[in-house]
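With these hints in hand, go ahead and build the complete structure from the sequences.
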Amino acid sequence: MLNQLGLRFKLLKDDRIMIIVMTVMALALTFIFSSSMSGSYRPSIMVIDQDRTQESRAFIKELQKSRLLDYRQAEEDEAIKQIEQSMAIAGLVVRNGFGEIVHEGGEADLEIIRIKDSVELIQLEGNVRSTFFQFSSKYKTALATVEIIKEIRPDIDEQRVFKETQELSDEYWKNRNPFKLTSTVLSAEKDWAYNPLIHYLIGFTLFFSTFTIVFVGADILKEKQQNTWQRKLVSPVKNTTILLSLLITTFTVGMAQVGLIVIIGNYFLDIVWGMNIGLMLVVFAGFVYTFTAIGLVLGGLAKSFEQLSAFTPIILVASAMLGGTMWPLEIIQSKILLFLANLMPHKWALEIIEQTAAYGLNINNYIVTILVLFGMGTVYLLIGIYLHSARTVRQS
Amino acid sequence: MLDIIDIHKAYNKTKAVEGISFQVKKGEMIGLLGPNGAGKSTAISMIATLFKPDRGEILYQGESIIKNPKVIQSKLGFVPQEIALYPTLTGMDNLKFWGRTYGLKGSHLKEKINEISEIIGIRDRLKERVDKYSGGMKRRLNIGCALLHNPEIIIFDEPTVGIDPQSRNHILNAVKEINRRGATVIYTSHYMEEVEFLCQRICIMDQGKIIASGTKDELIGTIDSDEKTTLKVEGLTEKMIEKMREISYARNLVVSDDSVIFNRKGNHVNYSEIIDAISQEGGKLLSMDVQKPDLEYVFLQLTGRALRD
Chain A
281 MLNQLGLRFK LLKDDRIMII VMTVMALALT FIFSSSMSGS YRPSIMVIDQ DRTQESRAFI
341 KELQKSRLLD YRQAEEDEAI KQIEQSMAIA GLVVRNGFGE IVHEGGEADL EIIRIKDSVE
401 LIQLEGNVRS TFFQFSSKYK TALATVEIIK EIRPDIDEQR VFKETQELSD EYWKNRNPFK
461 LTSTVLSAEK DWAYNPLIHY LIGFTLFFST FTIVFVGADI LKEKQQNTWQ RKLVSPVKNT
521 TILLSLLITT FTVGMAQVGL IVIIGNYFLD IVWGMNIGLM LVVFAGFVYT FTAIGLVLGG
581 LAKSFEQLSA FTPIILVASA MLGGTMWPLE IIQSKILLFL ANLMPHKWAL EIIEQTAAYG
641 LNINNYIVTI LVLFGMGTVY LLIGIYLHSA RTVRQS
Chain B
5 MLDIIDIHKA YNKTKAVEGI SFQVKKGEMI GLLGPNGAGK STAISMIATL FKPDRGEILY
65 QGESIIKNPK VIQSKLGFVP QEIALYPTLT GMDNLKFWGR TYGLKGSHLK EKINEISEII
125 GIRDRLKERV DKYSGGMKRR LNIGCALLHN PEIIIFDEPT VGIDPQSRNH ILNAVKEINR
185 RGATVIYTSH YMEEVEFLCQ RICIMDQGKI IASGTKDELI GTIDSDEKTT LKVEGLTEKM
245 IEKMREISYA RNLVVSDDSV IFNRKGNHVN YSEIIDAISQ EGGKLLSMDV QKPDLEYVFL
305 QLTGRALRD
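So the sequences go chain by chain: A and B.
Using this note's numbering, read the first sequence as starting at 281 and increasing by one per residue.
Using this note's numbering, read the second sequence as starting at 5 and increasing by one per residue.
Read the hints as simulated data drawn from the structure, not as lab findings.
Take the hints with a grain of salt, since some may be wrong.
[Said to hold, decoys possible] Keeping only pairs whose Cα atoms sit at most 25 Å apart, straight-line, the calculated PhoX-like set for lysine-lysine is:
1) A:LYS518 <-> B:LYS19
2) B:LYS213 <-> B:LYS232
3) B:LYS56 <-> A:LYS512
4) B:LYS56 <-> A:LYS504
[Stated by the list, open to error] For each label pair, taking beta carbons as the anchor points, the in silico distance ranges come out as:
5) B:GLY139 <-> A:ILE312: 43 to 51 Å
6) B:LYS17 <-> A:ILE312: 55 to 63 Å
7) A:ILE543 <-> B:LYS17: 23 to 31 Å
8) A:THR520 <-> B:LYS131: 31 to 39 Å
9) A:THR520 <-> B:LEU304: 45 to 53 Å
Note that CB positions come from ideal geometry on N, CA and C, so glycine has one too.
Okay, here's the thing in structure tokens:
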């Protein structure tokens, strides 16, 4: 085995240009996206203020402080037009009586107008909820403060005390983060909140890694073409050892590439992946394992390396598209496409990372994803072994 | 040592090997001679365990290698027709890899590499990448990789295809030396002179079958072994030709310009009657060329086709 592995790693130098290009491409696109989108891309939300009270205006002002979403106030007709033309992803209606509810306490009557569901709407709901919670807390704190001081000094300037208490509350929120849970949602700079950028970054990482994995795995075809494969088959080395050495090398290269992108992204491009790196690498390991096995299947179906080079990009791009690496699956309506997405390893890897980002780590979902990825990989692996293991070597 | 019993192999509907049987004795060098497509490579690929026959049996020391390929794999050296090397690695790396594949390691591997690289004559080029080698050197290294583990049986599948005469001679001498050291050799070729030079026993194959087998003399003995005689005559006349046609051992006589060509029937005849016929008619014999039958001729007689058709 060590001899076979040693050979495979030695032969990697033949694939070095392809490995470097694919890694650099993923990193370059990651860098371009992170520098062009990070901080500047904020989905637009149209805000319709039906209440038109001091409280509703203050709440909208509070929303507009968001670093994640771009809240724009407009009249109802204009707002709907913007949403219909996809200039904004949703609308937020602050209904009549909002000010009263804030003052009296109770559930605020807010409505979200949408054309279709998207991942950004989860972010919107979370952002509105937390902003309202913060706003009403500050509001009530200021009201209570005014009441208490008024009992001691009835001649106070209520407006001034109210305003100063709110400002003090603001400072308190900023500097002390009194509610850790809320601050996690609010401070978008380092703590994680859903960001579509991450979707594309993971997508690119997965997409480019598939090329490296499949083409390194396709060395089996090079071996067949240079007849060393046949020579190995008549040697005392077991077929499983020959295949296993190839799989281990391919998996190692795939993991090294993905790991490098994740680590460089995390430490040098300041990308927040949204999941503990260790857990994420396990997800990627499942993905790389699956594609290592898919590479084995493709290598078994192709008659030559040239033939593989011709059809592999089509398969990899198509599977990446179906798997949602190029765009979020939330925008897909077709049931057939959504069904096909379930057969793509990309979908599972992307989904768990995004789910974790939106709702926190759900260990059950995480385990299911890992099982699906490794299960999928094992099925492909068995097919690949079947295609390669027959001692009858295809005649040229 | 090795018994090949009625093996068959077909690809789709094309029968590549149709019921061939032969035995290989320990220490002998046996040749499979036949034109391209005769089924030689398919036959030896089955002996090398590369694929299984559809029918038949192959026994090594009495054990079936079809049921258990491992019984022969570590004892076998296989030199495929195509170069089977890693072109981007050095000659040394290739030898090391194939040596380790057969379980050699450490100083023993080093010794074997030195010994084999000496035999195949590439010792001073071992540190170079294989893709920088000439065709002949690649062929020699291809052979070397199969010899490292001192195999009991070595199968050579047309090892001299497409190389220069110097490398070819080197390879043929190396094969002879390997056999002299005790290895059993199965050698396939469509070059009659190679098989004649190397092999004690020859199987002639055509269209998936062995059509004749034996030593060279036995094979020639199986056919009507006429000698082809060509005479160059000055002053050739019709009467002279007529007299020659009447001579009983001169068969199939044809005339071309100043040459007379005929097949000489029988081994114990001299040419006195021919010489008399020429001189009596005033002619002068300028030259006489007698061509003895060879394996090429045997193949022609057996199949009606030349070996390299």
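Hints versus structure:
1. A:LYS518 <-> B:LYS19: Answer violated: A:LYS518 to B:LYS19 is near 30 Å, above 25 Å.
2. B:LYS213 <-> B:LYS232: The given pair, whose Cα atoms are some 28 Å apart, is violated under the 25 Å limit.
3. B:LYS56 <-> A:LYS512: Since the Cα atoms of B:LYS56 and A:LYS512 sit roughly 16 Å apart, the hinted pair holds (cutoff 25 Å).
4. B:LYS56 <-> A:LYS504: 18 Å, holds
5. B:GLY139 <-> A:ILE312: 43 to 51 Å: Since the Cβ atoms of B:GLY139 and A:ILE312 sit about 48 Å apart, the hinted range of 43 to 51 Å holds.
6. B:LYS17 <-> A:ILE312: 55 to 63 Å: Holds: the Cβ-Cβ distance is about 57 Å, inside 55 to 63 Å.
7. A:ILE543 <-> B:LYS17: 23 to 31 Å: 57 Å, violated
8. A:THR520 <-> B:LYS131: 31 to 39 Å: 33 Å, holds
9. A:THR520 <-> B:LEU304: 45 to 53 Å: 49 Å, holds
Of the numbered hints listed earlier, those contradicted by the structure are 1, 2 and 7.
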